[in-house]
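Given next are the chains, with one letter for each unit.
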Amino acid sequence: MNCKKLLLPLLITGLLSLFFWTGCKKEGGKENQNDNLDSIAVDRTDTSYIDKNLDMAKTIFYSLPSPTEISTLLLDNKDAFYDESLLNPLNNAEKYSTDLSQSLNLGIYSADLSYAGIFQQNQTVVNYMATAKKLAENLGILNVFDEDKVKEIEENFNNRDKIMNIISEAYMESDAYLKENNREEIATLIMIGGWIEGIYLACSIAEKNNYKDPKIISSILEQDLSLDLLVQLLDEYKNSQLLSKIRSDIDELYQLYQNIETDVRPDGNLTTSTENLKKIKDTFTKIRNKYVKMF
Amino acid sequence: MKKIVLFILLGIFTFAGFSQQAGSCKSFALEEESRYFGKSDYISDGKYYAQKLMPGDNAQLYKPFFRGKKYKVVALCSGKLDGIKMEVRDFRGNKLLYQSEVDSVIVWEHTPERSSNYRIIVSVPRKEGATYQDRDCVVILVGFKSSTN
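Going down the list, the sequences are from chains A and B.
Numbering-wise (this note's numbering), the first sequence opens with residue 1250 and increments by one.
Numbering-wise (this note's numbering), the second sequence opens with residue 49 and increments by one.
Just chain A, with the same shape it has in the complex (with noise of 0.2 Å):
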């Protein structure tokens, strides 16, 4: 009789648990699928060294340099600057409707966020803070971005280093809400926006300055690095109608830094011809203002 009764329950808690172990070794599986993934970073030259054949099973992440990485490449010139005019306007966020605007835009404004705090524009970095939230909250990221960072960024006004920090910190629980919750695809996007505009604000001070600052031109070359990389994870991902979007106008990039002959320089940075370094500069310009201007 008493089993009778337990009878029901015992079948339900036994699909549930069946449910919920099924959940375990899917992502199991994907580990060995190397399906977490966050950007590819690949030699050109020889690809031989990503070892793929190793019998043990194995977790791949791939990463472009964040905003505040390129941000920081900014401080390296003695002649860069700040200039807000070059920012994704506020008023701009309300407009972004889809996910692939909202994403895009989410790193756009997490690198504009970024390069105001290099240059301790407190206010500029608590304003495009608060439309990062409206923008992840948007995507179903809750709890990042929070007044708590808004807090701790107005009392942490003098500390630039302190301030980059708790950016990179709002950046991270995003990334891995994202991850955790297996919208890789969305985290990829934000990634990818975040490095166009860190990018696109890098071109638009070197040609402010003439194309003088062998530093910050050779950081600007230098990104064939992350394009290879990035090309590669388009590729993973070449099934996802999300990245499909955006996939011409990476592969415009890459066409574009393939053609680009370099040198070094002898106190080692790489240089070109400012021919060149206009195309660049107009090619990011061109694809970071239609993502701008994604409404």
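It should be emphasised that the hints constitute simulated quantities derived from the structure, not laboratory data.
Any given hint might turn out to be false.
[Claimed, not checked] Straight line, CA to CA, 25 Å or less: simulated SDA-like cross-link-like pairs of lysine to any residue:
#1 B:87 x A:1333
#2 B:118 x A:1333
#3 B:74 x A:1395
#4 A:1307 x B:193
#5 A:1457 x A:1333
#6 B:193 x A:1528
#7 A:1528 x B:178
#8 A:1411 x A:1393
#9 B:120 x A:1410
#10 A:1457 x A:1411
[As the list claims (entries may be wrong)] Some chain B residues flagged as far from chain A (calculated, every beta-carbon gap over 10 Å):
#11 108
#12 131
#13 147
#14 148
#15 149
#16 150
#17 154
#18 159
#19 176
#20 182
#21 192
Computed from a prediction, not measured in an experiment: that's the story for all the values here.
Glycine included, C-beta positions come from ideal geometry on N, C-alpha and C.
Please arrange chain B on chain A, whose structure you already have, making use of the hints.
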């Protein structure tokens, strides 16, 4: 009524057991990120490279490292894992680091002489009789100094 209570309790226990097993490394990664970069002169790259691994598994990170920039890479594991090993190679396959000694935290500071893509491999040594239940978090953190100066 008793049936319903019993069902709910059994359901909760089952869910708790499995969700813990398949659970997230987010809290561990964020805590460690804050510990290693929150108060240092390095800035975190803000990326989440974390996964539950079992003995015999490895995690690999491919990332561009830029000339002259000062980087700090921290690899860590949590609870059930005895330790990890770390290896770093550049795009030519040159070995830049090989930490063969098993440890729960490995810290590597590095300033590249030339820009290139690096492969960072963090492996969990094999263990006799290890099963899926022995999985736990492995996290890779990357930070950099705000200026090369």
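Status of each hint after checking the structure:
For the hint pairing residue 87 (chain B) with residue 1333 (chain A), the CA-to-CA distance comes to about 29 Å; that exceeds 25 Å, so the pair is violated. Proximity of residue 118 (chain B) to residue 1333 (chain A) is assessed by CA-CA distance (about 28 Å); at most 25 Å being required, the pair is judged violated. A C-alpha spacing of about 17 Å is found between residue 74 (chain B) and residue 1395 (chain A), which places the hinted pair at or below 25 Å, so the restraint holds. As the CA atoms of residue 1307 (chain A) and residue 193 (chain B) are separated by approximately 30 Å, the hinted pair breaks the 25 Å bound.
A distance of roughly 14 Å separates the Cα atoms of residue 1457 (chain A) and residue 1333 (chain A); the hinted pair therefore holds under the 25 Å criterion. Distance hint between residue 193 (chain B) and residue 1528 (chain A) is unfulfilled; the C-alpha atoms sit about 31 Å from each other, more than 25 Å. Using a Cα cut-off of 25 Å, the hinted pair residue 1528 (chain A) and residue 178 (chain B) is violated, with the two alpha carbons roughly 55 Å apart. A hinted pair counts as satisfied when its Cα atoms are at most 25 Å apart, and residue 1411 (chain A) with residue 1393 (chain A) qualifies at roughly 17 Å.
Pair hint residue 120 (chain B) plus residue 1410 (chain A) holds up; C-alpha atoms about 15 Å apart against a cutoff of 25 Å. As the CA atoms of residue 1457 (chain A) and residue 1411 (chain A) are separated by approximately 29 Å, the hinted pair breaks the 25 Å bound. Listed as outside the interface, residue 108 (chain B) is inconsistent with that label: its C-beta sits roughly 5 Å from the nearest C-beta of chain A, within the 10 Å cut-off. With a minimum CB-CB distance of about 16 Å to chain A, residue 131 (chain B) clears the 10 Å threshold, and the non-interface call stands.
Look at residue 147 (chain B): its CB is around 17 Å from the nearest CB on chain A, clear of 10 Å, so calling it non-interface holds up. With a minimum CB-CB distance of about 16 Å to chain A, residue 148 (chain B) clears the 10 Å threshold, and the non-interface call stands. Chain A leaves residue 149 (chain B) outside its interface by the beta-carbon criterion, the shortest separation being 19 Å against a cut-off of 10 Å. At roughly 15 Å, the least C-beta separation between residue 150 (chain B) and chain A is larger than 10 Å, which holds for a residue marked as non-interface.
Distance to chain A confirms residue 154 (chain B) as a non-interface residue, since its nearest Cβ pair spans about 16 Å, more than 10 Å. With a least CB separation of 13 Å from chain A, residue 159 (chain B) remains clear of the 10 Å interface cut-off, as annotated. In this structure residue 176 (chain B) is separated from chain A by more than 10 Å, as the shortest Cβ-Cβ distance comes to about 16 Å. At the 10 Å boundary, the C-beta of residue 182 (chain B) stays outside the reach of chain A, the nearest C-beta of that chain being 12 Å off.
Annotated as non-interface, residue 192 (chain B) brings its C-beta within 10 Å of a C-beta of chain A; the closest such distance is 6 Å.
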